[in-house]
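Required output: the full structure, derived from the provided sequences and hints.
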Amino acid sequence: MALTLTPNFSEPGKRYFRAFSPGDDFYEMLIDTHRDLDDTQSALLNAKLILLLANHVGDLSVLREALALARQDI
Amino acid sequence: MLKTYTYPKFAYVQPEEQKNRSAARYPVVIVGAGPVGMAAAIDCRLHGIPVVLLDEDDTVSIGSRGVCYAKRALEILDRLGVGDRVVDKGVSWNVGRTFFHEEEVFNFNLLPEPDHKRPGMINLQQYYLEQYLVERCVELGVDMRWKNRVVSVQRMSDQVRLTIETPDGTYGIEADWLIAADGAKSPIRKLMNLEVEGKIFHDRFLIADVVMKADFPAERWFWFDPPFHPNQSVLLHRQADNVWRIDFQLGWDADPEEEKKPEKVIPRIKAMLGDEREFELEWVSVYTFQCRRMQEFRHGRVLFVGDAAHQVSPFGARGANSGIQDTDNLIWKLKLVMDGKAPEKLLDTYSSERVAAADENIMNSTRSTDFITPKSNASRLFRNAVLTLAEHHAFARALVNSGRLSVPAFLTDSPLNTPDEDEFSGRMVPGAPMDDAPVGVDGRKEWLLDQLGGKGFQLLYFTDVAERLGDKLDRLRELTVDAVPVEPIIVSEKAGSVAGARVLHDLQHLVAKRYDAREGSVILLRPDQHVAARWRKFDAHKVRAAVARATCNQ
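Those protein sequence lines, which keep their order, are chains Z and B. Numbering-wise (the numbering used here), the first sequence opens with residue 1 and increments by one. Numbering-wise (the numbering used here), the second sequence opens with residue 1001 and increments by one.
Take these hints with a grain of salt, some might be off.
What the hints assert, rightly or not - Dumping the calculated SDA-like pairs for lysine to any residue here, alpha-carbon to alpha-carbon at most 20 angstroms:
1) B:Lys1375 - Z:Leu45
2) Z:Lys14 - B:Lys1375
3) B:Lys1019 - B:Pro1167
4) B:Lys1375 - Z:His56
5) Z:Lys14 - B:Lys1185
6) B:Lys1261 - B:Arg1204
7) B:Lys1185 - B:His1202
Hints listed in this document are in silico derivations from the structure and should not be mistaken for laboratory results.
As C-alpha cells, then:
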C-alpha cells in the first residue's frame, strides 16, 4: 500500500454535497483541539497525535514515505 | 465621486398619505432598498403583490462593497429579470489562484461541470447591481420611497404599524406583512429589541478600488503572507470598468482612519504591483466583521432577510448572495399565505430553512477566516504546513481555505421535503437546489432553470414516448387546477409537443443524468427551484400529498 496523497477525509454514514466539506470538518476539529493550549502543550499534543495515527497506519513502508515527504522543504 | 461611476440620486416625493394626512394599509412593506430588499420587492411584483419599498437614503451603495455574485444568485436574478445586465456588465471568472510567500501553490476552477448557463461567480460593483434592481423595481411598479426612515414599529396580531420620518415630517403606515431588509445594523431589529448573536472577529481589512491598465487575467488571486505585505493576507480581483478590488488584512491594532489615507494606501498597492504599473485610487474603506444571526428570522408579521437576519465574514461572498436566496425562499411562501392557500406556519419554514442555510454560511466563512487569519501559533503552524504541502499534494490543496465560494445550501432536513421511497442516486435529493442543464424548447437551445421556478410548483415527467401517455396526461393536467396548482412539464430525449403540457427536449441527456431520471420518473419542484419530492412512477395522489407537505397543508 502506498501513502494516500489525494483527498481522503470522510465520515461513515455522512453524505457530503461539497467536495471541500469533509476536509474542512477535519481541519476545524484539529484547530479546536489546540484551543487554549500554549506552544509547548500544542507541540506535545502534536507529538501524541502523530504517534496515535502512526500506530493506526502501522505499515512501516507507508510511514517511511510520509516521514520523507514531511521532511522535504524544511 | 468616482472616476468610473456617477451615483444616481433618486427623487424624494412626499408620500400621498403624508400630504393628505390619510391612513393607508398595504399588503407588503419592505424596509431597505439594498440588493436583498429590492430582490424581495421585484419578486413580490412578479407574484402580483403590491409593494411599498422604504429607504432612508436616496442613492445606491456608496463604494463597490459586495462585488462577487455567485451562480445561484445569478440564477435568481435571471428570474427577477436583471441577470443578463449583471452578467454582461460584470467580469466572469472561474479560476482562483492562491499564493504563499512568492509561490503559487494552488489554483481552482469554480465550475468544473460544463453545460450550466451561469458561471460560478461574476464580479461587479454593488452599485451597478443596485442601479439595475432600482430600474427593474420602477419598471414593475414598486412604490419606492426614498428618504423614508422608519422610526417606530408597532406589532399587532394582524398587521404592523410603522411611523416613518421624511424630510416633511412623520407619517404612519400599516402593513399586513413587513420585510426587514435594512442591513447588518437593522434599525427594525433594534426597534423591536431583538438580539443577534455570534462572534466578532478581531481583525481589520482595508479595501481599495483602483483603476488600472494592469495586465492581469480575470481571475481571483489570493496571497498568504506575501513579501509585499508580510504576515497578512491580500486578495486581488477584477471588477467592471477596469476597476480592481484589493483587500489587505491589516490586523486588529491598525488605526482605520490612518490606514485609509491615500499616502498610506498608495505605497501598499505600489509594493504589491511593482512601481511601473499605473493606477488611480478610486475608493477606500476599512472594515471589521462579525459572524452572527438572529435566533428566528420570522417574528409574527415581520420577516427578516439578508444582513438584518444574519451576517458572515466576507470570505466566500456569502452576504448578498445568501440574502438574495432568502427572498427566493420567502416570497412564494408569503404569496401562498396571503392568498389563504397555506397556513401561516409555512412562513416558519422560511425561518428554519434559511437559519440552516445561514448556519452553513457562518460555518464556512468562519472556517475561512480562521484559515486566513490564524489566531494562535498552532493554527498558524498548521496553516503554513498545509500551504507548503499544497504545492505538491492534492489532499493539502483541498485543505487550503481562502474562502469557500458561495454555493446554495442543500435543505435536506427541511420538513417540506417528502423523503424518497424509491431508489435514486446523484445529488438532486429532496431539498437540493436544482442543477442547471441545456434543454431544447421549440427548436431553440435554452436552459432548464430559465424554464422553471417563479410562481408555482412544477412536475418534471421524464418520458421518451410522450405520444403514448394516454390518460396519464389527463391525470397530469388535472394538477393544474388544484388549489395549489402544479404545472406538468414533459422532459424527453425527443423533440416534440404534447397538448396541454410544455415539452423540454433533453438535448444532451444531461437533465436525466443529473437528476438520475429514467423513463417514467417524476420530480416535484418548488417555486424556488428546489427539489421537493421524486418518484420512479407518477402517482397523482403522491404528488398532491407532497405538495400539501411542501406548503404545510397536511
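Hint by hint, here is what the structure shows:
1. B:Lys1375 - Z:Leu45: 18 angstroms, holds
2. Z:Lys14 - B:Lys1375: Outside the cut-off at roughly 30 angstroms; violated.
3. B:Lys1019 - B:Pro1167: 12 angstroms, holds
4. B:Lys1375 - Z:His56: Measuring from Cα to Cα gives roughly 30 angstroms; hence the hint is violated.
5. Z:Lys14 - B:Lys1185: Given pair Lys14 of chain Z, Lys1185 of chain B is violated - Cα atoms ~37 angstroms apart, limit 20 angstroms.
6. B:Lys1261 - B:Arg1204: Roughly 15 angstroms between the alpha carbons, so the hint for Lys1261 of chain B and Arg1204 of chain B holds.
7. B:Lys1185 - B:His1202: 18 angstroms, holds
Going through the hint list in order, the structure does not satisfy hints 2, 4, 5.
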